[in-house]
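Colleague: Sequence:
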Amino acid sequence: MASTALAAPPAVPGASASASALSASAHILPLELIDRCIGSSIWVILKGNREMVGILSGFDDYVNMVLENVTEYETTSEGTKKTSLGQTLINGNNICMLIPGGEGPGA
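In our numbering, the protein residues as written are 3 to 109.
Worth flagging that the hints you see were computed from the coordinates, not collected in a lab.
Note that CB positions come from ideal geometry on N, CA and C, so glycine has one too.
Wrong hints could be hidden among the right ones.
Quick list of simulated restraints, FRET-style, between CB atoms [what the hints assert, rightly or not]:
1) Glu105 / Ile30: 15 to 25 Å
2) Asp62 / Leu87: 13 to 23 Å
3) Glu34 / Lys83: 33 to 43 Å
4) Gly81 / Glu34: 35 to 45 Å
5) Glu70 / Pro32: 15 to 25 Å
6) Leu35 / Pro107: 16 to 26 Å
7) Asn51 / Pro102: 32 to 42 Å
8) Leu35 / Glu105: 14 to 24 Å
9) Leu91 / Asn51: 24 to 34 Å
Generate the whole structure from the sequences, applying the supplied hints.
Modeller: The following block contains the structure:
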């Protein structure tokens with residue numbers, strides 16, 4: 003059986019080698035990005051007008067997250083309520099968006 007080699011994609015006219023290297027290194031999987039955030043501040047926007055900011059301690063394949071030194075922000079018709087929490091476990095099903103390095107609403 004003969005083996006076939008895949009041909010490299012054609013070069014883009016005017017593109018530099020460094021631009022090609024940069025675009026190749028810019029590809030990252032979502033769980034890899036979250037993994038890089040361990041030990042750093044992360045802003046988590048949840049369902050139901052709630053947001054949390056804390057230090058990411060860990061997560062699993064379902065994006066259930068453990069945060070330390072958490073501040074919770076709950077938006078109501080009367081304004082935003084701010085609550086300080088300690089260690090918090092967030093169910094990944096409730097997460098709408100993650101913002102690495104985020105400081106929370108109004109920061």
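Colleague: Hint by hint, say whether it matches the structure.
Modeller: Taking the hints in turn, this is what the structure says about them:
Against the hinted window of 15 to 25 Å, the Cβ-Cβ separation of Glu105 and Ile30 comes to about 22 Å, which satisfies the hint. Asp62 and Leu87 have their C-beta atoms about 20 Å apart, which keeps the hinted 13 to 23 Å range intact. At about 34 Å, the CB distance of Glu34 to Lys83 agrees with the hint of 33 to 43 Å. For Gly81 paired with Glu34, a C-beta distance near 37 Å keeps the hint of 35 to 45 Å intact.
For the pair Glu70 and Pro32, the beta carbons lie near 22 Å from each other, so the given range of 15 to 25 Å is met. Hint check: Leu35 to Pro107, Cβ distance near 22 Å, so the stated range 16 to 26 Å holds. The hinted range of 32 to 42 Å is not satisfied by Asn51 and Pro102, whose Cβ atoms lie roughly 22 Å apart. Between Leu35 and Glu105 the CB atoms are about 18 Å apart, so this pair conforms to the stated range of 14 to 24 Å.
Between Leu91 and Asn51, the C-beta spacing of about 20 Å breaks the proposed range 24 to 34 Å.
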